[in-house]
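With the hints as extra help, turn the sequences into a complete structure.
All letters in the sequence shown, in the order written, are residues 41 to 903 by my numbering.
Treat the hints with care, as some may be off.
No farther apart than 25 Å at their CA atoms in a straight line, the calculated lysine-lysine pairs in the DSS-like style are these [stated by the list, open to error]:
#, residue 1, residue 2
1, Lys719, Lys751
2, Lys165, Lys177
3, Lys719, Lys745
These are calculated hints, taken from the structure and not from any lab test.
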Amino acid sequence: MPTQGNSLTLSCLIQDVVNDNSITWFVPKSIIGTANCYRLSGFCTGSTPGYTYTVNQSGAYLDITSINRYQDEGTWKCSYRGSDGLDTVRAINITVYTLPSQLIYTIDVQAPMDLSTSNLTLQCKTSSCTNPVPFIKWYYKIQTSPIISGVYSVGISITSSDGSCSSQEKLYTSTLQIPMYTTWSDNSDKNVTFYCRTEYPDPSRNIQSTDSGTVRFAVAVTSVILSIYASEVVFYEGYPQMMTCISSPSRPISTIRWFLGSSPLTNNITTTNTIDNTGLYILTSQIFLTLMRNASNQQIKCEGFIGGQQAVTSMEKPSVNVWYKPSKPLIREYGAVNSGFPWLENMTRTLQCYSSDYGNPGANLTWLTDRGVMDTMNNLVIIGLMPSDDNRKISCKLFNRFTSDKNIDVLSDPVMLNIEYYPIILYNASVHLLVNETQSLSVLCVAKGNPKPQLIQWKNQPNSIALRLDNISRIHKGTYTCEATAFSSKYGTITSQKQLDIIVQYAPDVKVTLNGSKQQNETAILICEAQGIPAQYTFYTWIQMWEDTVVRTGLQGATSASQNTITIDSLSLESMGTYICTANNGITGINGTINQTGSGSLNITGIPNILVNSTLFFGELGMSVSITIPLYSNPVIESIVFQRNGTEIINSSRTLTLLTWEIVNYAFYGSMVKLKAQKAHLIIQNLTHGDFVNYILELRNSIGKTFFRFKLDAFEPNVYKSPESSVAGIAGGISAGIVIILGLIIGMFIWRRNLCMNKCEHVTDKDIKQEQEVRKNQTSSSPLKEDVASGNEYEGLHFTDTEVNQYLELNVMTTENTENSDKRSPESDSYEKLHPYANNDIQMYSTLKIPAKDSQKVYENAG
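This is the structure:
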């Protein structure tokens, strides 16, 4: 590297030279005399101080003692001739350098320079005149571990100035310009130290700037993130919606731009920034977009950058889908030939709901009335128009996600239906009218309709709107019809009818029928049937009557829906009579009562019945006797035969047999009835010993025979017998007697005179008076008088073996009205508490039933 004032040796290496004199140096300028070459001999002569020429076997050498730019700078040539006689020329260009003594760094190095805030210019200047133009490099160094360093080659320029320099020399300045926002190669936040140094061919001649400067590089945006990760974003037309875009860390603070399609968005944007833990800035941009439907299908995106950096676009670029409400719908009649109101009842009509724009998403629809939702089809088909449709308001409603999310109703204007319909007939009563027999009713027939009915009348009672029925009977049941007529200008005459069903409720007709046998000892079934409306009956227990006498009550039957059945087993004479069934259905009958009765007679047939239990009769020798045996027969008696010791008695002057009709008091189940019966009479005059024997009465009717065996015994003096021979002989058969103590405490008590078995009649007032008359006519020694005396005993009632399971019924009567007088007060623990029944009346009876089995027991009346 030739340097001004320094020595320099030029070497010309030669081969196969002819001789040294053939070697010639040609200098750049004619500075040696007039010649411009050096050689040992030949063409060049003379010498110039400062140049020394030498030759050896290797080459020719030219030593320059002190290089001078003005005479040494240029192309030096070395020429020699070889053995082949050809000349060879070698050349070298010499530049003479003037080197600066220093490189001066001209930027303040005390504070770091920041590319995020400004452009930076760094300079290195030569301290002295220099030639040629120096080659200055800029170096960087990053204080990391290990240290990173290298050449920075971007933005470098060099300038010169003449200053006080000589020709061809200048003062030079190397400038490094780094634009604002420049980032380091890895876009990291770096502090980089810069310095400069010359670069000459001889490294030993290089110099480095005395100072350096530290530069902080910017950090560019590498990404932006949009808050929408889907491929589509939904907007509600006219409603603002916020979107967010966030930049990556940068320095300085980045800028974020928004785009809809290719159009920038600049309104309603807010930004905030935060600093991360490395000191970099993160920018958050929020935009409030209010889009209309024409924005659909465009992409929305955001971009981030710093300074003049190439913007970074968000990876998310969702397509916009703007939802909006449908247009207001309209209603029109669809598909009708004779369209237009009014419509007629029972017709089918179709309304159509349509809109010019069904919105986004596409709308569904529903039909609404002032009475609720009707349908959800586009076409509303109204099948069978009804009167209730008249004046009904109908509208249709379009709805989609927009309307439902924003709670918006999109409704058509309502259409009011005009329905002409057949008159509607109204009653002031139910169409199924229940009335009770004997009641009255009045039913008004009125009608309404569109058009208004002009003629209303009952077909049963023309020209009247009132149907009146007085004192209703069951014949009034049936169907009644009211008719109403209206007149339509479009459809003509329209008429309707309405029926009224009158159901007459009446108390049941109660009927008793006999099913089964009427013959003695068999079974009869009495069926009580009720027929009425309603057909729900309450049946009561049966009553058995004989004429006006109640025989039995509380007879329980088996009840079904409309029948009550009583079964009578082992028919006997007592089973005869009228059986009364009572039922009701809750309706009062024309007789003014709720309970209705029906009756049926049960007339028992069988062999003749003997109405007396006595088989012993008494007569007095030489006297006459009349034996009367009451009997009942159905069918009637065909013949009677009395036999004495097996021989039929024939009517004669001494004996007479006859059959008479009489009303007999007879007990049916303990109740005395008047029975139209017969009496078989046997009259024997002038009784002889041969008459006191056994007799048989043979009775025959069309069903069979009955035999009654009895005995006529001689009258025993001093033994009281009942004056009525027909009931006088009931004792006998049981050896042990029944002792009866009659205690007369209050009033006068009279034992019933006829002490018969369970077929006896009750004592009446007439019987008492007759008994008192008998007493008056009897002597004081009469057994009867003694029997009823206070504190006396009466013994002598005996039962036969066949009568042992029957009852003896004793009656005590007082002639005074006594409250609670019939109370048992046993005198000792040996007495049983008995509970006879009493009737508190003007005359009171105390009745006690004594089983025949209770032999040898003592009973006391403590009335």
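Tested hints:
1. Between the alpha carbons of Lys719 and Lys751 the distance comes to roughly 17 Å, so the proposed pair stays at or under 25 Å and holds.
2. Proximity of Lys165 to Lys177 is assessed by CA-CA distance (about 12 Å); at most 25 Å being required, the pair is judged to hold.
3. Between Lys719 and Lys745 the alpha-carbon distance is near 16 Å, which keeps this suggested pair within the 25 Å criterion.
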